[in-house]
Amino acid sequence: MSIEAALREAGAKPAGKRPWFLDEDVETVLAITLSVSQELTVARQRIDTLERLLESKGILTRAEVENYTPDKQAADERALWVQEYISRVLRVLQQRGEASATNTDVASEDLGDELAR
Amino acid sequence: MEHNSQSSPHVYEGPPDYRVVGRHAVFPETSHDEVERINYLAQMNRFLSTSIVPGVRAAYETEVQPKFQKKHGHGISNRHEARKALLENSIFCFWSAVRRATMEQRQQAGRWTAIRQRERLAEIAKELTNDDDRLELDSEIVIPRYVSGVDHHCMPGSYHSEYFAGDVTNGANYDHAGFVTTAGLLGKYSDGGGKAVVNWVKKNLPDFHPKNILEIGGTVGHSSLPIAEAYPDAQMTVVDVGAPVLRYALARAKSLNVENIRFVQASGEDLSRFPDASFDWIQTTMFLHELSSSALRNIFNETRRLLKPGGIVLHVEQPQYTSNMPIFEQTMRDWDAFYNNEPFWSRMHEIDLTQQMVDAGFDAKNIIHGGVTGVVDKELFPDAAEDESEDFGRKAAWHVIGGKV
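Quick mapping for you: the protein sequence lines, in order, are chains A and B. Take the first sequence: its letters are residues 1 to 117, numbered as in full-length UniProt numbering. Take the second sequence: its letters are residues 1 to 405, numbered as in full-length UniProt numbering.
By construction, these hints were calculated from the structure, which means they are not laboratory data. Hints are supplied without guarantee of correctness; some may be wrong.
[What the hints assert, rightly or not] Straight-line distance between alpha carbons at most 20 Å, and here's what the computed SDA-like set of lysine to any residue pairs gives:
hint, chain 1, residue 1, chain 2, residue 2
1, B, K84, A, L111
2, A, K17, B, S255
3, B, K84, A, P19
4, A, K17, B, F94
5, B, K84, A, E24
[Said to hold, decoys possible] Beyond 10 Å from chain B on every Cβ pair, some chain A residues (computed):
hint, residue
6, E4
7, D25
8, S35
9, S56
10, L60
11, T69
12, P70
13, A75
14, V82
15, G97
16, T102
17, A116
Even for Gly, the Cβ is constructed at its ideal location relative to N, Cα and C.
Please take these sequences and the hints and turn them into a complete structure.
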């Protein structure tokens with residue numbers, strides 16, 4: 001499975017028309033912002049993990065972190081992570097595109113009427 | 001408690017770190033960052049329910065109700081009027097927008113983790129379930145409209161979609177990231193609901209010794225395993241329409257050393273493969289709200305047919321809407337019906353379930369009513385019975401309705 005396919009499937013739109021509570025564009029930006037908020041938290045926790053481990057082992061100094069230069073493999077791994085990150089943050093745009101591509105979506109509210117019959 | 005100079009003076013309250021969850025052979029591996037993604041979402045849900053919902057309630061009381069009264073000359077009389085009035089309030093809309101986004105982030109996070117390792121998980125499931133007659137799949141099954149029409153709780157592909165032969169992706173996603181919604185209230189193996197049911201039965205029916213037990217809509221077996229474990233002399237059967245969750249379920253059960261259980265792909269509406277009076281106990285757990293009116297009737301009829309004399313059926317669900325429940329609470333509980341792809345949730349919670357049981361052939365004097373809260377390891381997980389936060393419709397505090405024959 002390609003990385004593109006895996007990322008696309010991970011961010012897939014659920015079946016069902018999406019409700020919008022705010023102006024659709026405003027809410028789109030809100031969703032992006034919330035994903036960034038999530039990823040910032042994740043990054044912050046990872047840094048915290050590292051700092052606590054390094055501190056407990058007496059291994060690194062801050063200067064070594066500041067001066068770090070990745071080799072080719074490390075650079076590739078870091079770039080792949082950025083690709084994953086961007087698709088996560090911009091998931092909502094992917095889903096708007098998917099919604100545009102289907103005309104069979106039904107709203108949960110409407111299906112509820114049907115199912116109650 | 002003593003603190004050093006760097007630690008916070010505050011006592012932490014909230015979800016446990018995800019790393020306390022129980023793992024088994026088909027549980028996906030989770031990286032450091034994947035864990036923190038889930039931790040963040042569990043905290044976000046808690047923040048929304050404890051810090052934002054009070055503001056929504058205040059807006060309802062001070063802005064939405066007076067505005068409605070002024071416009072219509074009378075107060076809000078039901079949850080439908082309340083919901084439509086709230087949709088004109090920006091605090092409600094912002095809370096809703098964030099809640100919806102959080103649901104979608106949870107699915108993306110869980111799916112990514114499951115998808116990136118799904119070939120490996122399928123291999124493990126295959127090794128554990130190959131040639132095991134306790135897994136019966138039916139490739140001809142028709143997925144009912146109430147499952148296929150919209151993906152429940154915004155879970156892409158729902159319980160039934162499979163992406164290749166032997167796939168368990170959607171079982172793995174459902175299992176490992178459900179923590180986001182329940183914030184640990186269902187315990188180490190998401191089995192607090194099943195444990196609660198077992199405690200209820202042992203306390204209220206101490207002389208009940210079931211030999212054959214059926215759970216309908218059991219998905220990956222979260223609630224089924226505690227029942228099978230509590231009655232080791234019984235044989236437990238779990239039915240569900242989704243192949244990926246059933247495959248995952250048997251592998252999970254075997255890995256957790258629960259052997260007296262089998263998983264069958266079938267709709268609860270047609271259990272004609274089982275003869276009349278086949279079971280002593282039939283269970284559903286947080287299942288009825290994912291049906292339709294006709295499916296609910298059909299399933300109630302099947303449970304009546306399948307029960308042995310002296311047998312019981314128990315349905316565990318979020319509480320019904322009654323005139324005793326404030327309109328605001330009904331409206332908030334109804335949110336999932338409209339905005340989290342639970343299309344039958346609203347109708348199901350206003351149905352007179354007692355009457356439905358009677359219509360299915362249960363004697364009115366043998367209808368069972370009770371209440372349970374999630375049973376967890378309190379050293380590590382929050383106890384729903386003592387948790388005062390309310391995340392309308394998500395808390396591990398349920399009603400039990402059932403019947404004896």
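Status of each hint after checking the structure:
no.	hint	in the structure
1	B/K84 to A/L111	holds, 18 Å
2	A/K17 to B/S255	violated, 38 Å
3	B/K84 to A/P19	holds, 13 Å
4	A/K17 to B/F94	holds, 19 Å
5	B/K84 to A/E24	holds, 18 Å
6	E4	holds, 12 Å
7	D25	holds, 12 Å
8	S35	violated, 6 Å
9	S56	holds, 14 Å
10	L60	holds, 17 Å
11	T69	holds, 23 Å
12	P70	holds, 18 Å
13	A75	holds, 18 Å
14	V82	holds, 13 Å
15	G97	holds, 15 Å
16	T102	holds, 12 Å
17	A116	violated, 4 Å
Comparing the model with each numbered hint stated earlier shows that hints 2, 8, 17 do not hold.
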